[in-house]
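Protein chains in written order, with my numbering: chain A, 1 to 340; chain B, 1 to 340.
None of these hints come from the bench; they were simulated from the model. Small disclaimer: the values here were computed from a predicted structure and weren't measured. There's no promise every hint is true.
Put simply, identical chains are the same to the list, so a pair is met inside one copy or across any two.
List time: in silico DMTMM-like cross-link candidates among lysine to aspartate or glutamate, alpha-carbon distance up to 20 Å [as the list claims (entries may be wrong)]:
(1) Lys265 - Asp319
(2) Lys37 - Glu192
(3) Lys109 - Glu90
(4) Lys63 - Asp319
(5) Lys310 - Glu30
Number of protein chains: 2
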Amino acid sequence: MNNGVNLKELAAELKLAPSTVSRALNDSWEISEATKKKVISMAEKLNYQPNPFARSLRENKSKTIAVIIPERINNFFAQVMDGIENIAQEHGYHLLVYNTHEDVDREKKIVNLLLNGRADAVVMSVSSQTSDISHLEKLYARGLPLIFFDRICTDIPTTKFITNDYESSYQGTKHLIQQGCKKVAFLMLSKELSITKERHRGYLDALLEAGLSPEPAFSLNCSMCEEQNIELIREMLWSNNRPDGILASVEKLALATYQAVKRTKLRIPQDLKVISFSNMGIAGLLEPSLTTITQPAITIGQECAKLLIKKLTKPKQNDLIDQVITIPSKITIRSSTLAE
Amino acid sequence: MNNGVNLKELAAELKLAPSTVSRALNDSWEISEATKKKVISMAEKLNYQPNPFARSLRENKSKTIAVIIPERINNFFAQVMDGIENIAQEHGYHLLVYNTHEDVDREKKIVNLLLNGRADAVVMSVSSQTSDISHLEKLYARGLPLIFFDRICTDIPTTKFITNDYESSYQGTKHLIQQGCKKVAFLMLSKELSITKERHRGYLDALLEAGLSPEPAFSLNCSMCEEQNIELIREMLWSNNRPDGILASVEKLALATYQAVKRTKLRIPQDLKVISFSNMGIAGLLEPSLTTITQPAITIGQECAKLLIKKLTKPKQNDLIDQVITIPSKITIRSSTLAE
């Protein structure tokens with residue numbers, strides 16, 4: 001196949017004005033059926049390639065990307081949003097933003113509203129309740145470009161962005177063990193989430209490698225309710241067989257741990273060491289300052305947006321292939337994991 | 001001037017089908033120029049009034065509200081957004097969200113993009129750089145329902161929602177004085193902002209009432225740059241005539257104060273007491289826990305959305321009158337202002 005011609009070259013070949021050719025290709029009422037036929041036949045013959053900018057103007061007229069997140073008051077998601085918006089604004093795209101509040105029913109409602117073409121594309125992180133994914137399959141089947149990040153849906157064959165969840169969790173657990181912990185607990189929000197599974201696997205492997213046997217009760221499943229989580233953690237800390245280290249797989253569970261410790265006589269890090277996945281800017285101002293596994297949130301947002309906009313601008317050259325792209329996290333050691 | 005005619009009456013007068021008249025008024029290509037001229041001239045003569053429902057269907061078809069905030073990683077704005085979204089979702093409205101990053105040029109660009117009718121209404125909090133308001137005047141003149149919250153633009157005659165900035169700041173300063181402070185500093189982000197002026201006025205009045213003379217150098221104008229702010233505050237704390245109390249008019253300046261204190265030998269609250277406007281959920285986990293003036297952020301968001309949706313649904317019965325609606329803040333006393 002040849003490299004094709006552009007609008008101007010096609011018009012020259014047809015001995016017509018470029019504006020006439022453009023209108024003919026757009027099926028304008030101003031152009032006769034005879035001319036339209038002639039233009040289309042020549043366009044096919046010469047392998048006419050529409051200008052991508054003109055095409056995006058015509059086909060993607062909403063110029064809108066929908067972003068669905070499970071929580072807004074969360075540094076990680078706020079930073080991802082900023083990353084998406086930076087790239088989107090550069091390319092003239094607008095963002096429709098939806099917060100599911102970790103509620104799968106709300107997520108379904110939002111996804112259904114997006115089936116009508118209000119947005120040109122969707123980038124999302126699923127709620128911690130999402131196990132039935134029929135609404136996401138429907139959205140994918142509609143052909144709308146769809147990307148997942150962080151809390152991804154592995155069964156949908158599109159591109160997903162995550163951090164190195166297994167490896168970060170493995171390294172975080174290993175750090176606790178190196179600092180002297182023998183009984184490490186793992187706090188999670190939902191077993192349903194792919195990232196929880198990966199982080200949990202990293203935690204278990206680090207324990208096994210160190211010859212420590214994982215205590216089932218130390219893999220603590222928490223809820224959406226802050227007070228309930230604080231009490232769950234406090235109970236675990238009050239038991240005879242209490243952990244001496246905690247890896248929180250989400251930021252809010254590290255904060256719940258700090259609150260729970262306040263209800264005991266334990267001290268961080270002397271009696272309990274804590275490390276957490278967290279993008280909190282003020283982790284260093286907590287008492288004690290919190291050791292964190294920080295995800296590359298802004299980069300994740302930017303990469304999602306770049307890929308989507310490529311897809312929207314040149315759909316044929318850019319497939320959202322079924323792949324998981326990993327951008328590594330960074331561990332910052334602070335006082336909460338200090339050895340005595 | 002007479003009360004005008006509706007579409008049906010206009011069509012009868014012209015002896016044309018209402019659909020033809022409608023298409024002529026909408027400048028459809030299906031109608032000849034001669035007919036268009038005739039219709040428009042008769043519409044003007046008879047003072048044709050479009051049906052408000054048809055008009056709203058035609059003009060407000062996006063079912064979208066644009067929300068413009070100066071910062072996303074900020075608990076106050078995140079909570080306002082959640083409040084707006086709760087009400088908007090209930091009424092089938094979608095949110096376009098824009099972060100100006102406190103950059104007035106970005107704000108102008110965003111506002112200009114909204115002039116084309118992409119959103120049915122706008123709710124916004126201006127950037128701390130905004131002093132020239134011509135872009136906001138243009139948006140208002142376009143007739144798009146517009147509401148301000150928190151960082152309001154007093155010169156635009158629409159409805160604004162704020163907290164009791166003067167009173168809260170007055171009470172916060174009074175609290176510092178009651179706890180023993182004699183030299184209280186006021187940290188602000190921008191003198192241009194109406195809320196800064198109100199909060200500063202409350203601070204000054206509390207000092208004067210207590211017989212303390214305000215030190216000009218203690219009204220500290222900070223910047224967008226965190227490191228610069230930390231250094232500015234540190235310098236103030238190192239001077240011979242240093243403050244013994246600080247009222248931060250925005251959350252990030254309280255956090256900068258905590259960081260600055262770490263670079264000195266001072267202790268909070270023994271050497272320096274700190275109170276801040278803040279919606280941080282974890283103010284109680286800082287070292288020491290931070291005394292806060294908490295704004296009713298979710299309520300502010302909900303009230304903005306309720307009023308806008310009323311206006312969009314029944315525009316004639318609901319004017320966005322030129323008024324400022326105040327929803328009071330709440331002071332929560334913690335360790336950072338403890339007396340010795």
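Fill in: Violations among the numbered hints
When the structure is compared with the hints, numbers 1, 2, 5 turn out to be violated.
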